[in-house]
Amino acid sequence: MIQAAVYTLLFYLFGGATIALALVTVLNRRMLRAVMGLMGVLAMSACFYIMLSAEFLAGVQILVYVGGIVVLMVFAIMLTQTVDVLVEVPHWSRRALAGAAALALLLAVAGLGAGVPLEAPAGAGIPEDNTVAIGKALMDYGPRGYVLPFEIISLLLLAAAIGGIVVARKTAPEDQPLTSGGDLADEGLLQTAHTQRDEEAWVPES
Amino acid sequence: MLMLPELMVIATAFAVLLLDVLVPEKRRVVLAPIALAGLALAFFALLATPQDGELLGGRFALDVVTWWFKLLFLLAGFITVLISLDLLDGRVRVRARGIGFRGEYYTILLFTISGMLYLISARDLITLYVSLELCTMPLFLLAAWRRDDLKSGEAGLKYVIYGAFASAFLLYGLSFVYGLTGEMRLDALARQLQGGAPPLLWLAAALIVAGAGFKVTMVPFHMWAADVYEGAPIPVTAYLSVASKAAGLALMFQMFYRVFGPWLHEWSDLIAVFAAVTMTLGNVVAIVQNNIKRFMAFSAISQAGYTILGFLGPLDTGIPAMIFYLLVYIVTNLAVFACIVWYSNETGREQIQDYRGLAQTNPVIALMMMLGLFSLAGIPPLSGFVGKFFLFSVCAGAGYHWLVAVAAINSTVSLYYYLRVVRQMYIEPPEENAPRLTASPTLATTMAALTVGVVLLGIVPVFYETIHGQTITWLAALAQ
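Sequence lines, in order, name chains A and B. Going left to right, the first sequence walks through residues 46 to 251 as this note's numbering numbers them. Going left to right, the second sequence walks through residues 441 to 920 as this note's numbering numbers them.
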């Protein structure tokens with residue numbers, strides 16, 4: 046009895062905190078504070094996972110999202126000084142429109158979702174050792190397994206990593222004659238040495 | 441065996457990636473032929489693959505429609521590599537801006553193709569979503585491939601932000617579907633929902649349509665198209681205009697026919713309105729465009745409006761009409777884009793006025809481009825006309841005569857703006873001393889082959905008849 050009461054209390058506590066932190070993320074004009082809000086939201090989701098006794102998911106949530114992605118965002122913000130404060134405030138009409146759209150979606154979800162019976166489907170209980178179960182499901186190539194999406198995600202990550210490196214590289218490597226300085230070179234913004242090297246190497250292959 | 445085409449594409453991607461490391465820069469011209477060979481092998485593997493069967497406990501399946509979609513994806517990928525390789529190998533007259541990294545380019549391109557192949561074969565929500573991301577997320581990077589070019593960077597950034605937003609909508613909708621049924625498998629989902637659809641399912645469907653509509657550039661989810669098309673390197677723009685659309689259509693197909701099938705007719709009115717708005721807005725805005733890439737973006741939006749007409753009809757006419765139109769659209773749009781790529785490679789220009797007098801300097805290529813544009817406008821006997829004819833007849837068969845009228849008026853409007861380009865090429869005089877431009881053998885062959893395709897698809901009925909016949913046999917087998 047007391048356990049159930051504490052459970053409910055904790056649920057509402059975490060729920061309220063999630064909503065408050067999400068609002069901080071969306072409404073705060075300072076990037077760093079918004080990211081901290083986001084970190085809170087992600088940590089709160091980990092709490093929900095623990096309450097649902099999905100400890101593995103909670104651990105992954107903390108490791109990947111809080112520990113990895115948010116830290117990456119903080120790095121990105123720290124390294125680009127100019128975007129600390131979002132100076133441009135959208136016109137009030139656009140903000141009102143965005144607010145109205147968000148409210149409409151919220152009402153639609155709440156209104157339509159209210160009539161749905163929230164019961165767990167039959168046989169959807171959590172296995173005792175759900176970490177093992179997740180590991181097995183990821184590697185299982187039978188009808189209950191997820192090996193195909195798992196492998197597809199690995200391809201996606203590889204493609205994203207390769208592309209990200211190409212796009213983010215500041216200069217082309219030495220033996221890359223095809224990459225020019227682009228717009229910046231035309232405006233004389235890049236060092237001449239850099240463009241000169243490109244010019245010399247610029248021999249169309251036939 | 442069933443997964444052979446996918447595995448071949450992925451193996452080729454890795455081969456290209458590794459060779460890029462091992463081979464010195466000067467010899468990296470071999471990468472494009474390897475990518476082409478891999479895609480061709482995958483194509484033949486697909487031809488040898490049975491049109492029916494499943495793997496991995498039913499998570500990966502093939503049927504007639506899946507098979508045809510895969511054929512289209514491989515075709516689109518193959519042509520894209522063909523029109524990219526001159527630019528990436530530096531066989532251009534006007535210096536390319538900040539484009540390079542051939543190996544990485546082809547690797548990512550091949551990965552997105554494999555993503556599309558998995559997307560249409562997926563039979564559960566997670567695989568569906570993950571493979572959709574595999575075929576669209578690397579496109580964000582390809583759009584930003586012209587490093588140091590501000591417009592390309594802008595294109596990549598806008599695409600990422602809008603794309604993430606659309607993905608979030610899609611995922612939200614899919615999570616509702618899962619929450620309502622507790623099922624991941626599409627067939628099990630459809631069975632669960634047969635008992636009756638709670639109202640929340642409508643919201644889920646709306647969110648999924650928003651996510652898929654973004655990929656298809658359906659109005660009002662089209663906002664990204666013009667800027668991204670303009671900023672991306674032209675071969676990437678060409679690929680985006682067919683691949684993103686085909687992927688979105690494949691997703692809609694998977695969700696509409698396999699899961700929401702029983703209610704599709706209830707949404708017909710909404711789909712009709714979406715189609716009408718999409719084609720009208722695309723056409724009206726295309727009239728005032730001056731940049732040929734933006735122009736093609738709005739043209740592509742209006743074509744998306746025609747394509748979704750196929751969802752109005754019953755399966756046995758709607759599916760073949762849509763697949764055939766997609767085939768026609770891929771061939772025609774890439775034919776026009778091949779000409780645009782060629783012109784940009786030779787002159788570095790991409791405004792519509794820049795094409796003036798092309799018929800006098802390069803009459804053959806001007807003719808090919810004109811045929812492509814006329815096919816997009818739907819002038820008989822070119823393939824665009826036949827494709828539209830089948831879609832319009834599906835639409836009329838479903839009782840939407842007003843929509844057929846709207847579509848016909850739109851086709852007329854579109855003829856006006858496609859003629860703007862033709863007018864520049866044929867009526868306006870060329871610039872003084874405008875030189876006769878040469879075309880590289882690859883691009884010339886590609887343009888010629890695609891133009892032949894544009895004409896042949898229109899006058900030889902065998903393609904549509906095959907798709908139609910196979911679909912009917914498949915549906916008959918399903919009904920038993």
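Everything labelled a hint here was simulated from the structure, so no lab data went into it. The beta-carbon is built from N, C-alpha and C at its ideal position, and this holds for glycine as well. Honestly, I wouldn't trust all of these hints.
[What the hints assert, rightly or not] Some chain B residues flagged as far from chain A (calculated, every beta-carbon gap over 12 Å):
no.: 1; residue: E446
no.: 2; residue: E544
no.: 3; residue: S561
no.: 4; residue: G596
no.: 5; residue: A716
no.: 6; residue: T787
no.: 7; residue: G797
no.: 8; residue: H841
no.: 9; residue: Y856
[Unchecked claim] The calculated lysine to aspartate or glutamate pairs, modelled on DMTMM-like cross-linking and capped at a C-alpha distance of 25 Å, are:
no.: 10; chain 1: B; residue 1: K591; chain 2: B; residue 2: D529
no.: 11; chain 1: B; residue 1: K591; chain 2: B; residue 2: D667
no.: 12; chain 1: A; residue 1: K181; chain 2: B; residue 2: E494
no.: 13; chain 1: A; residue 1: K181; chain 2: A; residue 2: E196
no.: 14; chain 1: B; residue 1: K598; chain 2: B; residue 2: E573
no.: 15; chain 1: B; residue 1: K598; chain 2: B; residue 2: E786
no.: 16; chain 1: B; residue 1: K591; chain 2: B; residue 2: E573
no.: 17; chain 1: B; residue 1: K466; chain 2: B; residue 2: D667
no.: 18; chain 1: B; residue 1: K591; chain 2: A; residue 2: E133
no.: 19; chain 1: A; residue 1: K181; chain 2: B; residue 2: D627
no.: 20; chain 1: A; residue 1: K181; chain 2: B; residue 2: E623
no.: 21; chain 1: B; residue 1: K591; chain 2: B; residue 2: D794
no.: 22; chain 1: B; residue 1: K598; chain 2: B; residue 2: D667
no.: 23; chain 1: A; residue 1: K181; chain 2: A; residue 2: E100
no.: 24; chain 1: B; residue 1: K598; chain 2: A; residue 2: E133
Now for the hints, and whether the structure bears them out:
Once the 12 Å rule is applied to beta carbons, B/E446 is inconsistent with being away from chain A; the minimum gap is 10 Å. Not every CB of chain A lies more than 12 Å from the CB of B/E544, the least distance being 5 Å, so the non-interface label is violated. Non-interface status of B/S561 relative to chain A is broken: a Cβ of that chain comes within 12 Å, the nearest being about 9 Å off. Under the 12 Å C-beta cut-off, the non-interface status given to B/G596 relative to chain A is violated; the minimum distance is some 7 Å.
Its beta-carbon lying about 23 Å from the closest one in chain A, B/A716 satisfies the requirement of being farther than 12 Å from that chain. Consistency note on B/T787: stated as away from chain A, and its beta-carbon is indeed over 12 Å from all of that chain's, at 15 Å minimum. No Cβ of chain A approaches the Cβ of B/G797 within 12 Å, the least distance being about 26 Å, so the stated non-interface status holds. Even its closest Cβ contact with chain A, about 33 Å, leaves B/H841 beyond 12 Å, as expected for a residue assigned away from the interface.
With 12 Å as the threshold on Cβ separation, the claim that B/Y856 sits away from chain A holds: the shortest Cβ distance comes to roughly 34 Å. For the proposed pair B/K591 and B/D529, the alpha carbon gap of about 22 Å is at most 25 Å, so the pair holds. For the hint pairing B/K591 with B/D667, the CA-to-CA distance comes to about 8 Å; that is within 25 Å, so the pair holds. Using a Cα cut-off of 25 Å, the hinted pair A/K181 and B/E494 holds, with the two alpha carbons roughly 21 Å apart.
Proposed proximity of A/K181 and A/E196 is supported: the alpha carbons are some 14 Å apart, at most 25 Å. For the hint linking B/K598 to B/E573, the alpha-carbon distance of about 17 Å falls within 25 Å, and the restraint holds. Our distance criterion of 25 Å between C-alpha atoms is broken by B/K598 and B/E786, whose separation comes to about 29 Å. For a cut-off of 25 Å, the pair hint linking B/K591 to B/E573 stands: about 24 Å separates their Cα positions.
At roughly 34 Å between alpha-carbon atoms, B/K466 and B/D667 are farther apart than 25 Å, so this suggested pair is violated. A threshold of 25 Å between alpha carbons decides the hint, and for B/K591 with A/E133 the separation of about 21 Å falls inside it, so the pair holds. Distance hint between A/K181 and B/D627 is fulfilled; the C-alpha atoms sit about 23 Å from each other, no more than 25 Å. In summary, the hint linking A/K181 to B/E623 is supported, as the alpha carbons are separated by about 19 Å, within the 25 Å threshold.
For the suggested pair B/K591 and B/D794, the alpha carbons sit about 20 Å apart, so the restraint of at most 25 Å is met. For the hint pairing B/K598 with B/D667, the CA-to-CA distance comes to about 8 Å; that is within 25 Å, so the pair holds. A C-alpha spacing of about 16 Å is found between A/K181 and A/E100, which places the hinted pair at or below 25 Å, so the restraint holds. About 18 Å separates the Cα atoms of B/K598 and A/E133, which keeps this hinted pair within 25 Å; it holds.
In terms of the numbered hints stated before, the structure departs from hints 1, 2, 3, 4, 15 and 17, listed from lowest to highest.
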